[in-house]
Amino acid sequence: MNLTGAPASLVAHIALLALISFGGVPGVLPDLHNFVVTTNGWLTDQEFANCFAIVQAIPGPNMILMMSFIGWKIGGLPTALASAIVTFGPPCALSYTAFHYWERFRDTPWQSRIRRGLTPVIIGLVAAGGYAMARAVDAGWIGVGITVGAAGLLLGNRVNPLWLLGAGAVLGGFGLV
Amino acid sequence: MAYSLEAGQPAPRITLPALFVTFLTVSMYGFGGPIVWARRIIVDQRGWLDDMDFADILGFCQFLPGPNVVSLSVCLGAKFRGPAGALSALAGFILVPWTVGFALGAILLSYAQAALLQGILRGVAAAAAGLILATGLRLLVPYRRRPAALVFAALAFAGLAVAKLPMLIVVLGLVPLSIAVAGREPVPAR
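Protein chains in written order, with the numbering used here: chain B, 1 to 177; chain A, 1001 to 1190.
It is possible that some hints are incorrect.
What the hints assert, rightly or not - Partial chain A-side listing against chain B, Cβ under 7 Å, derived:
| # | residue |
| --- | --- |
| 1 | Phe-1031 |
| 2 | Gln-1062 |
| 3 | Trp-1098 |
| 4 | Gly-1183 |
| 5 | Pro-1186 |
As the list claims (entries may be wrong) - Going by beta-carbon spacing under 10 Å, a handful of chain B positions derived as facing chain A:
| # | residue |
| --- | --- |
| 6 | Ala-12 |
| 7 | Gly-27 |
| 8 | Ala-84 |
| 9 | Leu-118 |
| 10 | Ile-146 |
| 11 | Leu-165 |
Simulated from the structure, these hints should not be mistaken for lab results. Since this is a predicted model, take the numbers as computed values, not measurements. Glycine residues also receive a C-beta, built at the ideal position from the N, C-alpha and C atoms.
With the rest of the complex left out, here is chain A (with noise of 0.2 Å):
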């Protein structure tokens, strides 16, 4: 079930040990999100997949319901792996870092009222949404040469940060006509 094995050029070998420490690694590093970890790590890191590819499953799994990181990790472990990759991936990016996130957790909520603490996490957020903003801006360069992808990209932007809608609905509301768009545009070669 290697996915990626009929592209004409050899698929990188992706061990299962290696699926479970790449996915231990983005979720270990994850603070204020896994996503900006997940491309820094699987893109420029290893290599795994390019931008546009790893965007294609992001929004695959994001689209779906759940975490989408851990959907994530369960979707390209199946594409290089299968399922003992799936599951690999899986495996790292839940079992050491709920354990550690859950006791670390735990003791910061005991201090969850104290200001320098307050004052720490409000900083930390800060930044984190900074790195976010920045991942979404970095995964939209393959779509540069693409204003109707622009465009549908700042449309849910908006609809959500500024027009405060439901995520349904904007997905709902956009993904049809978004994808009616694309069928009008020329196939671009990839």
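Extracted from the complex, chain B is given alone in its bound form (with noise of 0.2 Å):
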């Protein structure tokens, strides 16, 4: 792979970006969207919306598809490949290796100390880009009645979540969201 110009800098900004996304990949959009969209004008404020778009609706790796999907715009295959691995392989190496330390000292104190408060902490997060999800969304009472619908649904666990997916893509189809 012989990455000059736009696509190196693109790979390298977000192998970058990929090392600092404490709190994960989606904190860092902003940064990106400046750099590709705002500073380089490789991509339209529109396209990057629609590769946003798109990886939230289809299966897979959301996050690294992302990556791909901007790289694949900017130089090809090559460069899609090449965002790809720097979006998750320095992070993993990274995470491969704290695991080991994290977990021989699973049953110290202090750390189930960090954990009581490092958790709750996360998972706040993890609901909060659920309903920033949702507010980007903006679809009326409609998308409100469905993200609702399909957390109820959810936490009844009566439901394979995949219907609800489905079924937001129907009334998305028809047009009501």
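Can you join these two chains into the complex? Each is in its own frame, and there are hints to help.
Written out as structure tokens, the structure is:
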């Protein structure tokens, strides 16, 4: 892979963002948007938004796919692959190493304290991600109804979530959302 | 490096192919965010972890940089089967789902302006948002008797969702406080 110019600087930027994306990759998307759309003009605002909307609605590792599509638009398949690899490679190596030591000290009192403090905050962030997604849809009361209905049905544990996503797709396809 | 063996009861025997297939499944179902499916498949269906242990490891992975469910697959693979387990879970999570998702997304991107597709994407996103909210609530259930934990979860939610603070600020602001408060509570019997 011979990456120079725009593809090389894109891949380097994604690699850097991935390594500082504490709390998850969505947190660095505003920075990526600035770099790709505002600073360099490689993608339009709408293209960036389309990439995000599509990776939310297709299966697979969505943030890795998001980086891949941006890479693809800027430098074709080699850039897509390179963007994907730098998104998960270095962070996964870091997680693996850190987890090794984390598990080794699993039964120590200080780690139990950290876990009991850290985990609730992270759970709040997960829920906030759902809320932000609902707000981004901004689709009136039917959209809110779909969100609340999907949450309620999943909590009731009666329905396979695929049906809920399918129902959302059908209602959206009929232009109701 | 099978970390879970010292717990007294025998750890479930989780094979490398099982790790590959499980994380392949999580990833392939992962519309709108794989966290929903990771919890459903690993906790509800496979019974590999309970909600609390799942939330702890997810918290660890989410705190570290990177795509956090991918990190979760690496860490759970490592927890159950060491380095080979980490690679199996990671390969399961990425190889096939990336290829399928990339092909599918590349086709969809060329129709991205079509009103029908925009409508479908909005409908799926609205439902996926509900699934993520419900998963957050579900993960809080083990903490229901700890008011401080619920308060910190609510503060984190409000900081990000309502006050629109950057994630890093919320994490760095709340985590030390939350840990300090957790240290003053009696350690719960687990």
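Results of checking the hints against the structure:
no., hint, in the structure
1, Phe-1031, "holds, 5 Å"
2, Gln-1062, "holds, 5 Å"
3, Trp-1098, "holds, 6 Å"
4, Gly-1183, "holds, 5 Å"
5, Pro-1186, "violated, 11 Å"
6, Ala-12, "violated, 16 Å"
7, Gly-27, "holds, 4 Å"
8, Ala-84, "holds, 6 Å"
9, Leu-118, "holds, 5 Å"
10, Ile-146, "holds, 4 Å"
11, Leu-165, "holds, 5 Å"
Of the hints listed earlier, those the structure fails to meet are numbers 5, 6, in rising order.
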